[in-house]
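Q: For reference, the chains in residue letters:
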Amino acid sequence: MNDHQVHIDEHRDDEGAKTGMWIFIFTELLLFGGLFIAYSVYRYLNPLAFHLAAEELDTTLGTINTVILLVSSMTIAMSISAIQYKNKKLTLILMGVTLLLALAFMVNKYFEWSGKISHGIYPGSMTLQEASRGELLFFGLYYAMTGLHALHIVIGMAFIGYVMHLVVKNEVQHDNFVILENSGLYWHLVDLIWIFLFPLFYLIT
Amino acid sequence: MSEAVNQHTEVSYLEYKGRFKGLFAWIFSTDHKRIGLLYLYSMLVLFSVAALLGLAMKIELIAPGKTIMDAQTYNSFFTLHGITMIFLIVVPGLPAVFGNFFLPIMIGAKDVAFPKLNLLSWWIYIIGAFIALSAQFIGDGPPDTGWTFYAPYSFRTGTNMLPAVTGAFVLGFSSIATGINFIVTIHRMRAPGMTWMKMPLFPWALYGTSWIQVLATPIVGVTLLMIVLERTMQIGFFDPALGGDPILYQHLFWIYSHPAVYIMILPAMGVISEIIPTFARKTIFGYKAIVVSTLAIAFVGYFVWGHHMFTSGMSGTALYTFSILTFFVAIPSAIKIFNWVATLHKASIDIQTPFLWALCFLFVFMVGGLSGMVLGALSTNVHLHDTAFVVAHFHFIVFGGTGYAFFGAIHYWYPKMFGKMYDKSWANIGLAIFFTGFNILYLPMFYLGMTGMPRRYYDYVDEFHGPNIVSSLGALLMISGLIIIITNLVRSAKHGEPAVADPWKGKTLEWTVASPPSLENFEEIPTVTKHPYGYE
Amino acid sequence: MEKDQHTHIVKYKTYVYVLIALLFMTFVSVAVTEIDLGPYTVTMALLLASIKSVLVLLIFMHLKFDKKFYGIMVASVFLLLACVIVITFMDYLYR
Numbered sequence: 001m002n003d004h005q006v007h008i009d010e011h012r013d014d015e016g017a018k019t020g021m022w023i024f025i026f027t028e029l030l031l032f033g034g035l036f037i038a039y040s041v042y043r044y045l046n047p048l049a050f051h052l053a054a055e056e057l058d059t060t061l062g063t064i065n066t067v068i069l070l071v072s073s074m075t076i077a078m079s080i081s082a083i084q085y086k087n088k089k090l091t092l093i094l095m096g097v098t099l100l101l102a103l104a105f106m107v108n109k110y111f112e113w114s115g116k117i118s119h120g121i122y123p124g125s126m127t128l129q130e131a132s133r134g135e136l137l138f139f140g141l142y143y144a145m146t147g148l149h150a151l152h153i154v155i156g157m158a159f160i161g162y163v164m165h166l167v168v169k170n171e172v173q174h175d176n177f178v179i180l181e182n183s184g185l186y187w188h189l190v191d192l193i194w195i196f197l198f199p200l201f202y203l204i205t
Numbered sequence: 001m002s003e004a005v006n007q008h009t010e011v012s013y014l015e016y017k018g019r020f021k022g023l024f025a026w027i028f029s030t031d032h033k034r035i036g037l038l039y040l041y042s043m044l045v046l047f048s049v050a051a052l053l054g055l056a057m058k059i060e061l062i063a064p065g066k067t068i069m070d071a072q073t074y075n076s077f078f079t080l081h082g083i084t085m086i087f088l089i090v091v092p093g094l095p096a097v098f099g100n101f102f103l104p105i106m107i108g109a110k111d112v113a114f115p116k117l118n119l120l121s122w123w124i125y126i127i128g129a130f131i132a133l134s135a136q137f138i139g140d141g142p143p144d145t146g147w148t149f150y151a152p153y154s155f156r157t158g159t160n161m162l163p164a165v166t167g168a169f170v171l172g173f174s175s176i177a178t179g180i181n182f183i184v185t186i187h188r189m190r191a192p193g194m195t196w197m198k199m200p201l202f203p204w205a206l207y208g209t210s211w212i213q214v215l216a217t218p219i220v221g222v223t224l225l226m227i228v229l230e231r232t233m234q235i236g237f238f239d240p241a242l243g244g245d246p247i248l249y250q251h252l253f254w255i256y257s258h259p260a261v262y263i264m265i266l267p268a269m270g271v272i273s274e275i276i277p278t279f280a281r282k283t284i285f286g287y288k289a290i291v292v293s294t295l296a297i298a299f300v301g302y303f304v305w306g307h308h309m310f311t312s313g314m315s316g317t318a319l320y321t322f323s324i325l326t327f328f329v330a331i332p333s334a335i336k337i338f339n340w341v342a343t344l345h346k347a348s349i350d351i352q353t354p355f356l357w358a359l360c361f362l363f364v365f366m367v368g369g370l371s372g373m374v375l376g377a378l379s380t381n382v383h384l385h386d387t388a389f390v391v392a393h394f395h396f397i398v399f400g401g402t403g404y405a406f407f408g409a410i411h412y413w414y415p416k417m418f419g420k421m422y423d424k425s426w427a428n429i430g431l432a433i434f435f436t437g438f439n440i441l442y443l444p445m446f447y448l449g450m451t452g453m454p455r456r457y458y459d460y461v462d463e464f465h466g467p468n469i470v471s472s473l474g475a476l477l478m479i480s481g482l483i484i485i486i487t488n489l490v491r492s493a494k495h496g497e498p499a500v501a502d503p504w505k506g507k508t509l510e511w512t513v514a515s516p517p518s519l520e521n522f523e524e525i526p527t528v529t530k531h532p533y534g535y536e
Numbered sequence: 001m002e003k004d005q006h007t008h009i010v011k012y013k014t015y016v017y018v019l020i021a022l023l024f025m026t027f028v029s030v031a032v033t034e035i036d037l038g039p040y041t042v043t044m045a046l047l048l049a050s051i052k053s054v055l056v057l058l059i060f061m062h063l064k065f066d067k068k069f070y071g072i073m074v075a076s077v078f079l080l081l082a083c084v085i086v087i088t089f090m091d092y093l094y095r
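Residue numbers (full-length UniProt numbering), protein chains in the order written: chain F, 1 to 205; chain U, 1 to 536; chain R, 1 to 95.
One should not assume that every hint holds.
List of simulated lysine-lysine pairs, PhoX-like, C-alpha gap at most 25 Å [unchecked claim]:
{"id": "1", "chain 1": "U", "residue 1": "116", "chain 2": "F", "residue 2": "169"}
{"id": "2", "chain 1": "R", "residue 1": "13", "chain 2": "F", "residue 2": "88"}
{"id": "3", "chain 1": "F", "residue 1": "86", "chain 2": "R", "residue 2": "13"}
{"id": "4", "chain 1": "R", "residue 1": "64", "chain 2": "F", "residue 2": "86"}
{"id": "5", "chain 1": "F", "residue 1": "89", "chain 2": "R", "residue 2": "13"}
{"id": "6", "chain 1": "U", "residue 1": "505", "chain 2": "U", "residue 2": "346"}
{"id": "7", "chain 1": "U", "residue 1": "198", "chain 2": "R", "residue 2": "68"}
{"id": "8", "chain 1": "R", "residue 1": "67", "chain 2": "U", "residue 2": "198"}
{"id": "9", "chain 1": "U", "residue 1": "198", "chain 2": "U", "residue 2": "530"}
{"id": "10", "chain 1": "R", "residue 1": "11", "chain 2": "F", "residue 2": "86"}
{"id": "11", "chain 1": "R", "residue 1": "11", "chain 2": "F", "residue 2": "89"}
{"id": "12", "chain 1": "R", "residue 1": "67", "chain 2": "F", "residue 2": "86"}
What the hints contain is simulated information worked out from the structure, not anything from laboratory work. Remember, predicted model here, so these are calculated numbers, not experimental data.
Let the sequences and hints guide you as you build the complete structure.
A: Quick look at the structure:
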């Protein structure tokens with residue numbers, strides 16, 4: 001497109017960028033992997049307490065958030081097809097929808113967490129001090145894992161927002177969209193983790 | 001790519017004038033060679049500090065009772081010594097310094113895949129180092145948990161744990177960034193004709209190492225995060241009072257930290273696999289076996305973490321499993337030793353300083369490895385757990401393995417990196433003193449451990465006095481050797497004889513370019529047709 | 001063939017079908033929770049979650065259309081994590 005001044009730190013390798021992103025995704029998977037190990041050990045050691053504690057969680061809210069994330073995952077995947085079809089407007093719309101859905105997820109999460117906190121269920125609270133050790137572990141893991149996941153949602157939103165800015169500036173186009181693909185991969189990772197978090201926290205009854 | 005070659009000016013990377021001048025031309029440079037040297041200089045400073053801490057501990061142990069410091073100071077000294085040596089020097093050491101400098105050149109590339117990420121990883125390293133070391137000076141006193149941060153002490157101690165743990169967490173990102181960079185570089189940027197089986201062994205070792213860095217570091221990252229959450233927000237993870245299981249902390253910690261041992265040793269083995277064929281003037285014996293054993297170590301090394309926990313109260317089944325797997329991991333390491341020795345068989349050896357370092361490596365690595373067998377066996381482990389024996393084994397493997405390979409690497413590649421040759425006779429004298437001191441320092445600790453002296457104590461009973469005096473004198477000797485080695489290297493960077501492009505008659509690609517290399521390493525990307533060690 | 005892979009465009013329709021399948025499985029897993037399957041509840045939930053994640057990986061994350069090497073890497077990473085969990089449970093199951 002523009003005359004490429006080949007400079008030492010500017011060589012374009014889309015496949016390499018994607019490989020790098022995938023490897024980064026592996027590190028993220030293992031980051032959560034550590035927490036999943038802790039979860040599985042403590043659930044094995046405290047089956048009943050986990051069972052009881054999970055009933056405190058709102059399955060409906062959890063299901064809504066699952067649906068939201070799945071749909072947003074589809075829209076960001078579609079935006080890649082859209083940019084390949086050279087449809088810039090549709091790309092931006094689909095990315096925008098993804099961002100809105102992500103926001104909806106966070107709002108939902110906010111209400112869920114503040115609901116819990118108003119019931120006195122938060123780390124270090126009096127209610128939890130009196131609860132069984134297993135329930136304490138459950139809610140510790142709940143806050144840590146969904147919190148870390150929410151942090152990834154925020155990072156993903158920032159990443160997608162940045163790529164939208166690049167699309168607007170025509171720096172991401174039908175023949176140069178690897179960064180859009182990478183932001184999509186990151187978003188799917190967030191979705192992938194939620195796919196496991198949802199049954200493990202909301203569906204133990 | 002090819003347009004870039006049009007107007008080469010052949011100025012070396014050391015003299016190249018970029019956008020910035022002076023110090024900024026280094027700390028904002030994305031040139032992999034400059035970043036390698038940045039790491040080298042940072043580590044040199046940190047290593048000197050940590051080595052002096054080690055010396056101070058040995059002086060404390062020269063006599064029973066309080067000699068120069070009290071118990072709490074001793075505790076913080078071994079903690080700081082461990083954190084600095086492990087997280088700041090040995091884990092990143094060889095990949096960050098020599099990997100950065102030589103990986104692209106050895107596979108015929110102009111730089112790593114993501115040069116900016118590479119620079120960022122150095123900055124994260126520096127930030128992490130500052131956070132970790134700030135624990136010494138702010139808050140309620142320096143941490144005293146040892147580098148392992150074992151729960152539940154790590155969140156019960158009144159000392160300033162948070163910066164130390166956060167620093168280690170931040171350093172993980174630096175390690176991951178380097179790992180991602182190297183894997184992509186090796187996959188995507190090998191010169192035309194360099195198939196996987198024509199790649200030199202140091203890049204191969206870095207490849208295995210990078211995978212461990214990428215796949216193990218996040219686990220310790222999240223574990224340290226859990227410690228932070230537990231300390232700051234009373235979220236129960238490992239505290240028995242909150243329902244947690246402290247042994248799970250040990251599991252999670254060693255799931256990373258055992259593979260981290262292979263992050264330390266694999267690149268060291270890679271360096272040795274470069275040095276030995278060069279000075280033996282011979283193709284390395286069993287190239288494929290070394291490659292396969294590198295990958296096997298990287299893989300099996302994942303599943304042996306429990307051998308750090310034999311006395312923790314794990315189930316019997318877990319004990320047997322981990323012990324057997326530990327013996328498995330010895331096999332590929334032994335394969336490598338045999339290959340190196342077989343390479344030397346009937347070779348016309350050119351005895352030079354790097355080669356002597358490699359030979360010393362073989363000796364100390366064997367001592368370390370065989371004492372590891374003693375610790376990997378369940379019955380002997382129970383007796384020796386947490387004694388000076390473990391400290392001796394660990395230093396033979398990590399200092400003797402990675403440390404010797406590091407000094408071997410610097411003496412091997414020094415002429416390429418700086419374009420100067422160091423004074424060889426001083427280098428050899430330094431090595432002789434260092435090697436003698438090293439053995440006098442650590443060999444008595446095997447004996448002390450077997451007779452029951454625990455580690456991490458500033459005091460001991462009178463029976464241990466004799467060997468401790470020997471050991472402490474060895475420490476002084478070793479440090480004098482180190483001072484000679486480092487002074488010689490620093491002095492030669494300025495006053496040394498100019499080096500030729502291929503002082504050792506090496507065959508890998510880095511010896512085909514100028515010393516020091518030009519900014520883009522190669523005028524023209526080479527096409528590789530031969531095996532990397534084509535001496536015949 | 002290699003060039004072909006990068007320019008592969010996934011049809012919008014495909015994504016919609018995948019989403020429907022994912023949503024369907026989500027509702028099934030919620031519904032199954034209501035029925036008491038005893039010890040199989042966890043198995044069922046994890047089985048459905050695994051199928052869902054495979055769909056996301058293959059279609060949304062394009063593993064099906066990319067070079068095989070990505071798929072192999074992903075499978076190895078999951079295998080590694082599984083091995084680590086199994087070995088950790090060597091301790092907890094028999095303690």
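Q: Output the numbers, in ascending order, of every earlier hint that fails for this structure.
A: none
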